[in-house]
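Trainee: Below, each chain spelled out in residue letters.
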Amino acid sequence: MAASAQRGRLSGIGWVALLIGVAIMVAPIVWTLLLSLKNNGELVGHSGAALYPPYTVENYAAIFGNSSTLRWLLNSAIVAIGTTAGVLVLASLAGYGFARLEFPFRRTLFVIVLLGLAVPSQAIILPQHQLFAWLHLHNSYPGLIMPGLIAPFSVFFMTTYMRGIPRELDEAAMLDGASRLTIFRKVILPLTIPAQSTLAVFTFLGTWNDYWWPLISATHSDMYTLTVGLAAAQMNYAQTSGLGYLMAQAVFASIPIFLVYIVFQKQIVRAMAGTAVR
Amino acid sequence: MRRLLAAILVALALGSCAPNDGRTHIYLQRFFGECSAEYGASIDVAKAEGECGIMTALINRFNRENPDVRIDVNVVAWPGYPQLTAQMAARDPPDLVTMHEGVISDYAAKGLLDPVEPYLQTAGISPDSFTEASRFGVTIGKHVYGLPWDTHGGLFHVNTALFAKAGLMRGGKPVLPNSPEELLTQAKQFTARTGKPYLIQSLVGDPAGAARNLYTYMMAQGSVLFPDPRHIKLTTPEGVRVAEFFRRINVEHAGTLNMDTPAAIAAFVSGEGGIYPTGTWMIGSFEKEANTPGRPLYKHYAVFPYPRLWGERVEYVSGHSWVVPARKRTPAQRDAIGRFFRFMAGHNFDWARTGHLPAFKQVLDSPQFTSLPERQDIAPLASIGRPLPSYVQRQSAIEGLVGEEMAAAFTGQKPVEHALADAEHRVNVLLSEVN
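Residue numbers (the working numbering), protein chains in the order written: chain Y, 14 to 291; chain D, 2 to 436.
Keep in mind the hints are simulated off the structure, nothing from the lab.
Mixed in with the good hints, there may be bad ones.
Interface residues of chain D toward chain Y, partial, derived using beta-carbon atoms under 10 angstroms [claimed, not checked]:
no., residue
1, Glu35
2, Cys53
3, Val76
4, Gly81
5, Pro83
6, Leu258
7, Asn259
8, Pro263
9, Pro294
10, Arg296
What follows is a set of in silico ranges between Cβ atoms, one per label pair, in the way DEER data are often shown [unchecked claim]:
no., chain 1, residue 1, chain 2, residue 2, range
11, Y, Tyr68, D, His426, 28 to 38 angstroms
12, D, Glu133, Y, Leu128, 27 to 37 angstroms
13, Y, Trp44, D, Thr293, 18 to 28 angstroms
No residue lacks a Cβ here, since even glycine has one placed at the ideal position from N, Cα and C.
Build out the structure end to end from the sequences listed, making use of the hints.
Mentor: This is how it looks when you write it as structure tokens:
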């Protein structure tokens with residue numbers, strides 16, 4: 014116990030290094046926040062004005078004064094939650110199938126799914142756009158959600174995780190007369206909660222921050238997601254004459270992400286450390 | 002919770018329904034930003050400020066004056082062409098779009114834009130009423146493809162306080178150079194007397210600026226930049242002369258280095274240099290500084306077209322326009338577009354308050370316009386301005402390629418001849434791929 018406490022204690026140099034690291038990581042966030050609280054005109058000549066008062070919330074008022082902002086926020090939430098839920102359901106089912114079921118061409122199919130990892134989204138954007146136009150799915154929630162459901166990494170992730178769960182559990186449940194679906198729902202799924210949480214967090218973050226597909230699929234402003242809407246709200250020279258507003262937009266758009274990170278911190282850290290997959 | 006979700010879904014579904022209010026709906030797509038927080042309900046165009054404010058107030062006013070028509074506005078991230086192209090691919094383009102005149106040829110060549118003569122006729126507007134630069138900008142072949150809205154190009158924005166300190170003012174006006182040698186001589190005098198750089202330059206991440214310098218001074222020497230729709234010609238004695246001169250500016254420390262656009266703007270408004278060559282779009286911001294007591298530019302700001310350094314007084318310009326994407330429309334919609342054109346042409350002066358030059362001769366010559374600060378000095382841009390030939394497609398991409406290579410040449414990262422040859426090669430490859 015004492016040895017462990019000793020190991021956990023930082024030396025003076027360690028503290029200095031840690032503080033420098035923290036300062037480097039936090040400085041851009043503080044800088045962004047300070048800029049967002051300044052009048053745009055003051056920042057045109059000298060962005061260093063962010064370091065001293067007066068501060069104002071006029072940039073945030075401008076964001077909320079735009080009647081579309083809350084609609085974009087709602088759109089982002091619907092798309093991010095819809096995509097996350099869809100990915101979790103599909104990836105879990107597919108993962109279970111690849112990990113547990115025997116069926117013809119299982120390995121071949123799995124390889125085909127994995128090949129999807131090698132195909133950049135840019136390579137398929139034109140036929141994808143044409144297909145959605147054909148199906149009249151642009152400017153709709155299904156149109157924004159469905160491309161995100163094609164998630165080969167998520168299938169790979171869940172397959173790998175489920176393969177790590179002992180088959181004896183399935184066999185015991187089968188002896189008790191459980192069907193495949195019951196085993197999936199009541200035995201396997203609860204054991205995959207850590208992996209599901211990790212996958213949910215990354216899918217949500219990725220969808221929330223997505224810009225390109227919503228940019229070309231949601232072309233009516235009432236269907237914009239927050240990323241597209243905030244970009245459209247910028248003036249041409251926002252980085253010069255609207256710096257405070259630009260930074261307020263950045264802060265505003267990152268608040269939901271920040272909240273997700275706070276709530277799911279444990280899962281994110283575990284995923285980053287690679288321990289979510291056994 | 003389920004009830005709440007159901008209520009939200011119903012509200013969304015109802016919100017997505019097509020409007021059926023008995024009015025003719027016109028779907029307008031524009032850039033210039035979103036400012037409904039400040040101007041959402043404003044119809045007082047004269048009191049609106051800035052591109053976004055004036056545009057928003059204008060459209061609000063049109064809606065108010067035309068109760069049978071409703072303009073539904075879609076604001077897109079500048080410049081909005083990825084979205085427009087996607088909409089066209091999905092066969093769902095808007096009815097009216099703001100478009101840079103240099104981009105019109107890309108869409109018109111594929112039949113994606115309607116010629117606007119019928120709408121101009123409805124509006125009672127003759128193309129003869131456009132300024133020369135605007136007429137060039139929207140005319141392709143025998144057709145007019147847009148209602149020109151403004152002309153914008155490069156200007157020399159001058160800090161007259163520093164110019165006075167440098168002894169470069171005559172009769173209350175800054176003395177601008179008439180030759181490359183004179184510019185360098187003035188720069189030496191300026192720096193010796195003020196301790197500050199003569200030129201503030203945004204050479205980082207501003208390919209448009211570098212391309213503008215090359216185009217302008219090659220055009221002034223009579224160069225034909227695009228001998229045909231598939232080729233650019235930059236490796237000429239004129240091209241070398243211009244690029245070497247801008248390289249020499251930096252070798253002789255006559256201008257700032259390592260600045261991007263925000264840094265250059267901040268330097269200029271902070272009084273850190275004599276001239277900032279940038280566009281018409283900055284006039285409004287700089288005038289605000291010039292009217293704010295205590296600021297370095299207070300009562301010490303002037304602005305002029307690029308000075309003639311070689312040959313003719315000609316300058317590369319572009320412009321904004323209103324175009325009409327091709328799609329089926331009802332007679333009522335076509336009539337509404339014509340009325341919109343008439344309304345916008347009638348308010349071209351209001352837009353000129355942004356700093357852009359008017360697209361109509363009558364406005365350009367009006368006392369209302371010339372009495373605005375600095376406008377008499379920059380008005381010649383409308384007659385000396387030359388866009389790139391309308392048969393050249395991919396002008397925006399070309400500007401990026403040329404600007405990137407020229408910035409490398411001006412800053413010494415690449416020998417001038419190599420940069421010109423590389424720019425020429427890259428543009429020609431691009432043009433060879435145009436369908």
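Trainee: Does each hint fit the structure? Answer for all of them.
Mentor: Comparing the hints with the structure gives:
At its closest, the beta carbon of glutamate 35 of chain D sits 4 angstroms from a beta carbon of chain Y; the interface hint therefore holds under the 10 angstroms criterion. About 6 angstroms separates the beta-carbon of cysteine 53 of chain D from the nearest beta-carbon of chain Y, less than 10 angstroms, and the hint is met. Interface hint at valine 76 of chain D: satisfied, since its Cβ lies 5 angstroms from the closest Cβ of chain Y, which is below the 10 angstroms cut-off. Annotation: glycine 81 of chain D was flagged as interfacial toward chain Y, and the flag holds, the nearest CB pair being 8 angstroms apart, inside 10 angstroms.
The closest approach between the C-beta of proline 83 of chain D and any C-beta of chain Y is roughly 6 angstroms, which is under the 10 angstroms cut-off, so the hint is satisfied. Taking 10 angstroms as the C-beta contact cut-off toward chain Y, the hint placing leucine 258 of chain D at the interface is violated, the least distance being around 19 angstroms. A least Cβ separation of about 16 angstroms between asparagine 259 of chain D and chain Y goes past the 10 angstroms threshold, and the interface hint is therefore violated. Residue-level restraint check for proline 263 of chain D holds (minimum Cβ-Cβ distance to chain Y is 5 angstroms; threshold 10 angstroms).
Hint on proline 294 of chain D is violated. Least Cβ distance to chain Y is approximately 14 angstroms, over the 10 angstroms limit. The closest approach between the C-beta of arginine 296 of chain D and any C-beta of chain Y is roughly 7 angstroms, which is under the 10 angstroms cut-off, so the hint is satisfied. The given range of 28 to 38 angstroms is broken by tyrosine 68 of chain Y and histidine 426 of chain D, whose C-beta atoms sit roughly 52 angstroms from each other. A beta carbon spacing of about 57 angstroms between glutamate 133 of chain D and leucine 128 of chain Y contradicts the range 27 to 37 angstroms that was offered as a hint.
Range check, tryptophan 44 of chain Y to threonine 293 of chain D: about 25 angstroms between beta-carbon atoms, so the 18 to 28 angstroms window is met.
In the structure shown, a violation is registered for the earlier hints numbered 6, 7, 9, 11, 12, in ascending order.
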